[in-house]
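My request is simple: use the sequences and hints to build the entire structure.
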Amino acid sequence: MQKQFIILLGFMGTCGCDGQSVPTKDDSPWPTRLESFSYCYQPKLLGSATSLGMNSNGDIYYSFSSKPYTDSGGHTVVKEWHIPKEEAEKFLDSLVNDGLLDLGMDGFTKFPVHQFTVSSKGWQKVIRPIRLPDVIWKRLLSLLIHAHPEMWHENTPSSEPAGAEKPDH
1 MQKQFIILLG FMGTCGCDGQ SVPTKDDSPW PTRLESFSYC YQPKLLGSAT
51 SLGMNSNGDI YYSFSSKPYT DSGGHTVVKE WHIPKEEAEK FLDSLVNDGL
101 LDLGMDGFTK FPVHQFTVSS KGWQKVIRPI RLPDVIWKRL LSLLIHAHPE
151 MWHENTPSSE PAGAEKPDH
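Quick note: the sequence shown uses the numbering used here, first residue 1, plus one each step.
Incorrect hints may have been included.
Computed Cβ-Cβ distance ranges for the label pairs, DEER-style [stated by the list, open to error]:
#1 D71 / T32: 40 to 46 Å
#2 L45 / H82: 32 to 38 Å
#3 N97 / H153: 23 to 29 Å
#4 S72 / I130: 28 to 34 Å
#5 T70 / S142: 29 to 35 Å
#6 K85 / L45: 35 to 41 Å
#7 L46 / E86: 39 to 45 Å
#8 E86 / K110: 34 to 40 Å
#9 V135 / R33: 17 to 23 Å
With a straight-line cut-off of 25 Å between C-alpha atoms, the simulated DSS-like cross-links for lysine-lysine are [as the list claims (entries may be wrong)]:
#10 K79 / K90
#11 K85 / K125
#12 K79 / K67
#13 K90 / K121
#14 K44 / K121
Hints were generated in silico from the structure; no laboratory data involved. Glycine residues also receive a C-beta, built at the ideal position from the N, C-alpha and C atoms.
Below, the structure written as structure tokens:
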């Protein structure tokens, strides 16, 4: 599956981004339709790491590692799947309508980490809020449950794999 989105593996406080948009060559305004997003979650420094990404073609990628800073990675889960293009575009439009692009970088040096990288038409923006609005969290949770139900089912810590921690969104 061709991935047209960015999955950030080193997304902790040292990612080196300043949260500013990268403009297109013609300096056009930020588009309102996303082509892709990636979401990274890390509960604490050297803690577990989750990545989720989707592009407007409907390609979705999920990865989880309970110990990403070890050779083994601890308990790992990787899943890829596809949804119809129209469904993916609707999901991405919903994130914009729910205010994702209005969130800032106020959580840039704080844990837990919630980091989004969104892109469209040559633009890329990093968003790192301290907390996620419930409406955005619920959208993400539907994909997280599909990818890794034993970790994310009903957003409860019922059967967490190998020391994983749930987000306090």
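How the hints compare with the structure:
no., hint, verdict
1, D71 / T32: 40 to 46 Å, "holds, 43 Å"
2, L45 / H82: 32 to 38 Å, "holds, 34 Å"
3, N97 / H153: 23 to 29 Å, "holds, 27 Å"
4, S72 / I130: 28 to 34 Å, "holds, 31 Å"
5, T70 / S142: 29 to 35 Å, "holds, 30 Å"
6, K85 / L45: 35 to 41 Å, "holds, 38 Å"
7, L46 / E86: 39 to 45 Å, "holds, 40 Å"
8, E86 / K110: 34 to 40 Å, "holds, 37 Å"
9, V135 / R33: 17 to 23 Å, "holds, 19 Å"
10, K79 / K90, "holds, 21 Å"
11, K85 / K125, "holds, 22 Å"
12, K79 / K67, "holds, 17 Å"
13, K90 / K121, "holds, 17 Å"
14, K44 / K121, "violated, 33 Å"
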